[in-house]
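K.L.:
Position 57 (the sequence shown) corresponds to 41 in the numbering used here; numbering is contiguous.
Since the hints were derived computationally from the structure, they do not count as laboratory data.
We put the CB at the ideal spot given by N, CA and C, even for glycine.
Among the hints, a few may not be true.
[Said to hold, decoys possible] Derived SDA-like pairs: lysine to any residue, alpha-carbon spacing no greater than 25 angstroms straight-line:
1) K310 with S201
2) K234 with D17
3) K146 with L135
4) K146 with G157
5) K2 with K34
6) K262 with G134
7) K262 with R153
8) K237 with M222
9) K234 with M222
10) K34 with A9
11) K505 with A540
12) K2 with P42
13) K34 with A14
14) K458 with L491
15) K146 with L179
16) K458 with M46
17) K458 with L445
18) K458 with T397
19) K234 with K310
20) K234 with D283
21) K2 with G233
22) K34 with A54
23) K262 with R241
24) K146 with S124
25) K2 with D17
26) K513 with D590
27) K513 with Y548
28) K150 with D125
29) K2 with Q229
[To be verified] Across the chosen pairs, the derived CB separations fall in these ranges:
30) D484 with D590: 23 to 29 angstroms
31) A583 with P232: 25 to 31 angstroms
32) L205 with E462: 48 to 54 angstroms
33) T301 with I45: 47 to 53 angstroms
34) E462 with D283: 39 to 45 angstroms
35) D231 with L300: 19 to 25 angstroms
36) R153 with G233: 42 to 48 angstroms
37) D283 with P142: 26 to 32 angstroms
38) G233 with I466: 44 to 50 angstroms
39) E251 with E454: 48 to 54 angstroms
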Amino acid sequence: MATVALTLLPAGLTLQVKSGATILASAHAAGVDIEATCGGRGRCTSCRVKFVSGIVPPPSIMDEVQLGDALVREGYRLSCQCRVSDPITVQVSPPVDDQSFQILGGERPAGAPMPVTIDAGVTKRLVRVTLPTEEHHQTSDLEAVLTVVGLTPDDCTPEVLKTLPKALREHGGEVTVASFGRRILSVEPGDTHLLTFGLAIDVGTTSVVTTLMELASGEQLASVSSLNPQAVFGGDLMSRIAFAQFDPGKLRKLQTRIIGLLNQHIEQVCRDSGVLAKWIYKVVVVGNTCMHHVLLGIDPSYVGLAPYAPVMRHPLTLAARELFLKVNPEARVCLLPIVAGFVGADAVAVALATRMDESPEIRIAVDIGTNGEVLLGSREHLWACSAPAGPALEGAQIRHGMRAALGAIDRVTLEEGDLRLHTIGDSSAQGICGSGLIDAIAVLLDAGVIDWTGLIDLDHLDRLPAPLRERVIKRGDERAVILARPGESGSTQEIVLTQDDVRQVQLCKGAIASGAAMLQKIAGVPDDKVAELMLAGGFGNYLSIRSALRIGLIPALPESRIRYVGNAAVLGAQLALLSEAERGRAEHIARGIEHVSLAAHPDFQDVFVDCMNFPRT
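Make a model of the complete structure from these sequences and hints.
P.N.:
Okay, here's the thing in structure tokens:
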């Protein structure tokens, strides 16, 4: 098959690609990351490239729909839709530094004690082993150690045996034996019994958070967070599943991406804390079902196909070397249990951290995200459902949408009859992120620019203050609101909220709101019987509660009964890391949660449609 030269800027990399292949597929095959939030289905703008030289192909329908006339005229095309037939040079958006993004870590308030009795299951004992001195002895090094610690050969792996002879003789038989239960993890020369550490990891669809903790005290020593590098292959779970579906090579690519990132995290937290990776003996991992399966190299294909069955739900413990994690090779990696196909160990961790299973009152926990979950219940019973908001609140499928990074509009208010914008880092406005979208729509609802059905109203503009009225426009058949003109808030371009953007937000908020509404309906719990609503996760902790209530994203409770609970999934992982009793509780919680499949419920369609509308005032 004929090949064609494809040059990618700013790297200046020239590839010889198959004629007829898309720019996106060609770049990914060469190891060049072009983000494709929608999985390369032409449903977002994240993979757009700008033609620098060569013949610019006619725009596809998806180019025109997603990019709009202005960007198309400037030579932008969706790389997932554009096929290479002639030599071309295109400009690719450079990867954004993770540090510029708002990613919520797993930090507890300063000085706050860990609310559990610490018993991580890892013990280290300083012992003295008598080494043989005569040639006729009939003992082995391993027997000498086992005699002192009271264990058997079955409790020791060949990996430990490889380091045993040197360790025993480096300090004249004085060694520290690290174990998890009866499993010997390492035999270390000298006295290292005070050096015992572990990791709590949340592998999310969008972001990954790793915290390093001292297992004896529960002190958090270091934390690092990053965007999930799998996102270049799709921003949501279904896109990731579709990418890897029935293709072991692509599944391996997803797995190596996440393991590579985790090893980078391990290197960083060890560097920041001065802890050696060999002293990390326990790792607890939480994540949704898809992320859990991919991490283990398990094909998630059937998770994405009705009836959405996971390959496994039970908790799993394995050696770090089996996942190629660069900690102590025999460290125990503990994955918390899964509830169902789209309710994973992260939801279990949220329940664990918030103590929902111990509450005498009905509480709701909402983890708003690309793969959101809703939990409802008390110590009597817990229900859970998947409420996937999709990637729109991460910027996908929004005309000027972007993730919560430097320059993103994250707050919108109405002051003196006009819009006022705030950007992350007080930087020049580059686009709008999820919290800004929710604020903008809430403000425009209050002002009467958007009606309860979500329509940008052009029939009553005379009621608006002049500055705001001038921002409401119609170009061709498209209705929009100008959020920033060139020069406003430092923007170099016009940033608009289109009618389609509003519809995309309605779909997202409909998914979250209908999840909570359906659980309340099934449990027979009206709003006045809900003692507390807890907003979990990164996105939930950055949005305005008032705006969320105004657009109907969350149940209509008094603000006094709504609180942020931080990254509860990470906090739950930390509890399971520091306490084996808590890890056991997580298994008990997972078994007791009743999973509700919303789509299968006869009332869901009606509830969802109703939740897509905005509250009438």
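K.L.:
Each hint: holds or not?
P.N.:
Hints versus structure:
At most 25 angstroms may separate the alpha-carbon atoms for a hinted pair to count; K310 and S201 meet this at roughly 23 angstroms. Restraint check for K234 and D17: the C-alpha separation of about 14 angstroms stays at or below 25 angstroms, so the hint holds. Using a Cα cut-off of 25 angstroms, the hinted pair K146 and L135 holds, with the two alpha carbons roughly 18 angstroms apart. For the given pair, K146 sits about 16 angstroms from G157 by alpha-carbon distance, which is consistent with the 25 angstroms threshold.
Restraint check: the Cα-Cα separation between K2 and K34 comes to about 20 angstroms, which is no more than 25 angstroms; the hinted pair holds. Between K262 and G134, the direct Cα distance comes to roughly 24 angstroms. Compliance with the 25 angstroms bound is thereby established for this hinted pair. A distance of roughly 19 angstroms separates the Cα atoms of K262 and R153; the hinted pair therefore holds under the 25 angstroms criterion. A C-alpha spacing of about 16 angstroms is found between K237 and M222, which places the hinted pair at or below 25 angstroms, so the restraint holds.
Note on K234 and M222: the hinted pairing holds, with a Cα-Cα distance of about 14 angstroms set against a maximum of 25 angstroms. Using a Cα cut-off of 25 angstroms, the hinted pair K34 and A9 holds, with the two alpha carbons roughly 16 angstroms apart. Taking the CA atoms of K505 and A540, the gap is about 14 angstroms. The hint holds against a cut of 25 angstroms. Taking the CA atoms of K2 and P42, the gap is about 20 angstroms. The hint holds against a cut of 25 angstroms.
For the suggested pair K34 and A14, the alpha carbons sit about 19 angstroms apart, so the restraint of at most 25 angstroms is met. Our distance criterion of 25 angstroms between C-alpha atoms is met by K458 and L491, whose separation comes to about 23 angstroms. Distance restraint check for K146 and L179: the Cα-Cα separation of roughly 21 angstroms lies within the 25 angstroms cut-off, and the hinted pair is therefore satisfied. Simply put, K458 and M46 have alpha-carbon atoms about 21 angstroms apart, close enough for the 25 angstroms limit, and the pair holds.
With a C-alpha separation of about 12 angstroms, the suggested pair K458 and L445 falls inside the 25 angstroms cut-off, and the hint holds. Simply put, K458 and T397 have alpha-carbon atoms about 22 angstroms apart, close enough for the 25 angstroms limit, and the pair holds. Distance restraint check for K234 and K310: the Cα-Cα separation of roughly 23 angstroms lies within the 25 angstroms cut-off, and the hinted pair is therefore satisfied. With a CA separation close to 10 angstroms, the supplied pair K234 and D283 stays within the 25 angstroms bound.
Annotation: proposed proximity of K2 to G233 holds, straight-line Cα distance about 19 angstroms (limit 25 angstroms). Note on K34 and A54: the hinted pairing holds, with a Cα-Cα distance of about 12 angstroms set against a maximum of 25 angstroms. Pair hint K262 plus R241 holds up; C-alpha atoms about 23 angstroms apart against a cutoff of 25 angstroms. Pair hint K146 plus S124 holds up; C-alpha atoms about 13 angstroms apart against a cutoff of 25 angstroms.
The hinted pair formed by K2 and D17 meets the criterion: a straight-line CA distance of about 18 angstroms does not exceed 25 angstroms. About 23 angstroms separates the Cα atoms of K513 and D590, which keeps this hinted pair within 25 angstroms; it holds. Of the supplied pair hints, the one linking K513 and Y548 holds, its CA atoms being roughly 19 angstroms apart against a limit of 25 angstroms. Pair hint K150 plus D125 holds up; C-alpha atoms about 10 angstroms apart against a cutoff of 25 angstroms.
In summary, the hint linking K2 to Q229 is supported, as the alpha carbons are separated by about 23 angstroms, within the 25 angstroms threshold. For D484 and D590, the Cβ-Cβ distance of about 24 angstroms falls inside the hinted range of 23 to 29 angstroms, so the restraint holds. As the Cβ distance of A583 to P232 is approximately 29 angstroms, the hint placing it in 25 to 31 angstroms holds. Distance hint check for L205 and E462: the Cβ-Cβ separation is about 52 angstroms, which falls inside the suggested range of 48 to 54 angstroms.
A beta carbon spacing of about 50 angstroms between T301 and I45 agrees with the range 47 to 53 angstroms that was offered as a hint. Under the hint 39 to 45 angstroms, the C-beta atoms of E462 and D283, about 42 angstroms apart, fit the expected range. The hint said 19 to 25 angstroms for the Cβ distance between D231 and L300, and at roughly 24 angstroms that hint holds. The hinted window of 42 to 48 angstroms between R153 and G233 holds, with their beta carbons roughly 46 angstroms apart.
The hinted range of 26 to 32 angstroms is satisfied by D283 and P142, whose Cβ atoms lie roughly 29 angstroms apart. Distance hint check: the CB atoms of G233 and I466 are about 46 angstroms apart, consistent with the given range 44 to 50 angstroms. Restraint check, E251 to E454: a C-beta distance of roughly 53 angstroms satisfies the suggested window 48 to 54 angstroms.
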